[in-house]
Amino acid sequence: MSKKDFFIGWAEMPDADRRFFLKAGAGLLIGAAGVAGFVAASQRPVGRGTWDLATFKAFTGIVTASPYPMLRTRDIDGQVRTALLVCQTKCGVDLRLQNMAGKAVVINGSLIQRVDHASIAVADGPEWIREADAPVDPALAFPTPEPLGEITLAGEILDSKCWFGAMRPGEGKVHKACASLCIRSGIPPAFFARDARDNAALLVMTENGGRFGESLLAHVADPVEVTGAVSRAGNVLLLDVSADSVRRV
Amino acid sequence: MTHGYRAVSWMPFKKRYDFWVVGGILTYIVSFVIATIATQPDGESLTELQILIRATGTLAFLMLSFVLVIGPLARITPRFRPLLFNRRHLGVATFVIALVHAALVILWYHGFGTLNPFVSLFASNPNYDALAGFPFESLGVLALTIMFLMAATSHDFWNANLGPGLWKALHMGVYLAFALVVAHIALGALQFEKHVAYTVLLIVAVLAVVGLQFAGVLASRRPVDAAADGWLSVGEGAEIDDGTAVIVRPAEGEAIAVFRHGEEIYAVSNVCRHQAGPLGEGRIVDGCITCPWHGFQYRMADGTSPPPYTEKIATYATRIVEGRVEVSAMPNAPGTPQAPSRLRSAP
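Taken in sequence, the protein lines are chains A and B. Sequence positions in the first sequence follow the numbering used here and run 6 to 254. Sequence positions in the second sequence follow the numbering used here and run 4 to 350.
Worth double-checking, as some hints may not be accurate.
To be verified - Residues from chain B shown here face chain A by an in silico Cβ test under 10 Å; the list is partial:
(1) Gln-53
(2) Thr-156
(3) Phe-160
(4) Ala-192
(5) Leu-204
(6) Arg-347
It is worth saying that the hints were derived from the structure and are not from the lab. The structure displayed is predicted, hence computed values, not measured ones. Yeah, the Cβ is synthetic: ideal placement off N, Cα and C, and Gly gets one too.
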């Protein structure tokens with residue numbers, strides 16, 4: 006018996022094993038491409054959210070701090086829109102807003118947008134906000150929320166920044182930890198509701214009219230049912246609930 | 004073997020093996036990225052980093068599954084032994100891909116917040132008491148830890164210094180790692196991606212690993228051979244092909260490989276000291292018994308690796324009774340010289 010017909014890694018490879026090894030290698034490459042293509046093509050679409058990280062622009066409007074930092078502006082698409090204000094990373098801007106609430110301001114940031122929902126990731130550093138040089142359109146003043154009634158909704162609690170486009174996907178179980186970290190760090194939580202007719206809506210969540218604390222974190226990204234009061238403030242829907250009313254389904 | 008250690012004892016076959024492994028990895032990742040971008044609706048694709056998280060995650064699982072089926076495939080057919088020879092490189096590559104997956108997840112999902120990313124990894128999802136909501140990340144961390152221990156001890160240095168038994172036991176942890184990864188996927192990605200293809204792929208991979216393990220065990224299982232007066236019957240000496248062995252299994256102790264070399268009959272333990280490969284499925288090459296898994300060699304006369312190597316295996320006495328070969332059920336101490344039996348007297 007010789008090394009010529011018995012495979013030993015440190016010796017010359019037998020012809021039969023060499024042929025098999027070449028076929029196996031070629032099969033590996035073809036199989037890798039095929040399986041990768043199949044697995045990738047089976048992923049579900051994750052939504053139309055975008056975040057143009059590279060483009061910073063000035064947004065002029067009126068800013069508020071309650072229930073979350075928001076800016077009413079025409080500088081998104083020419084219409085009066087409300088944009089949630091967040092940091093470039095996973096944090097809110099409450100502490101950076103200081104005494105600017107209620108004033109006409111110019112904010113420097115990059116736009117995160119998903120269809121009608123918008124958020125502005127404000128620039129780092131103190132230059133992110135300044136008072137506007139001239140008076141702004143009075144229509145940009147924040148409207149008093151209009152109560153729409155009590156409702157029970159089924160859906161998912163998520164963080165607004167990721168779902169608007171900072172991440173794709175920005176929802177579901179795999180994104181749960183990130184959403185939890187974002188909300189813990191000050192990003193406004195939102196409720197994505199879908200009814201039996203597949204109508205979907207996104208509502209910014211509040212507790213007793215103010216911002217949510219960590220009481221919501223255990224339920225983030227789970228399939229849940231909530232009961233609360235819905236109101237409309239401009240183009241933003243608000244859902245005021247108690248964390249105790251959140252129920253996993 | 005044990006006379007000295009280098010990080011990698013390169014040889015032409017290992018380079019060819021690694022070439023295909025790296026080629027397969029790159030092909031998978033590039034194909035995954037292209038297919039994701041090409042098949043998602045315009046403007047609705049995943050972010051680039053999240054595509055890489057999925058590409059590396061799915062690839063690590065497929066590679067781990069493949070690593071686990073190489074062993075049984077090599078037991079079922081010798082054709083797969085070339086894949087077994089350098090399997091440790093494939094295992095280390097699997098760990099590296101899994102590590103990249105974990106690093107990207109920690110950076111993207113757990114970084115940039117007010118919590119330490121490693122605290123966030125375990126604390127962001129507190130639902131440890133729920134099944135569907137279970138924090139699947141922790142299962143992935145456990146699996147990665149096991150894979151790290153295995154990758155770190157994959158070198159022959161650890162094999163020799165931990166001893167084959169402990170080393171083998173440690174590396175059996177790969178099955179626990181595989182189970183943890185399956186749970187990590189089932190309680191994580193499959194809770195979001197509902198396409199039936201993912202569930203089918205996971206089930207097929209699990210069935211392939213479990214099924215081939217059973218098939219491999221069945222293929223290498225041997226009934227216990229009965230001993231009479233301490234001697235086991237091997238069979239007609241003329242029926243043993245020159246340079247090969249017949250494996251017999253005593254009621255107690257290791258299986259025995261009975262080799263024929265010309266007219267001489269030698270018997271040694273069937274268990275290679277390197278990674279417990281089946282020596283009886285090997286050959287006599289250059290006058291040495293050669294393991295079919297990694298080419299470790301032992302002299303027939305005393306079961307000792309030729310210098311400068313030092314591994315030793317047990318030898319056994321043999322005898323010829325009316326043309327039939329018999330082997331003693333009692334092993335000699337490893338490395339003990341043992342004279343061969345002769346099928347025919349020397350002229």
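Task: Numbers of unmet hints, in rising order - done: Hint check: 2, 3 and 6 fail, others pass.
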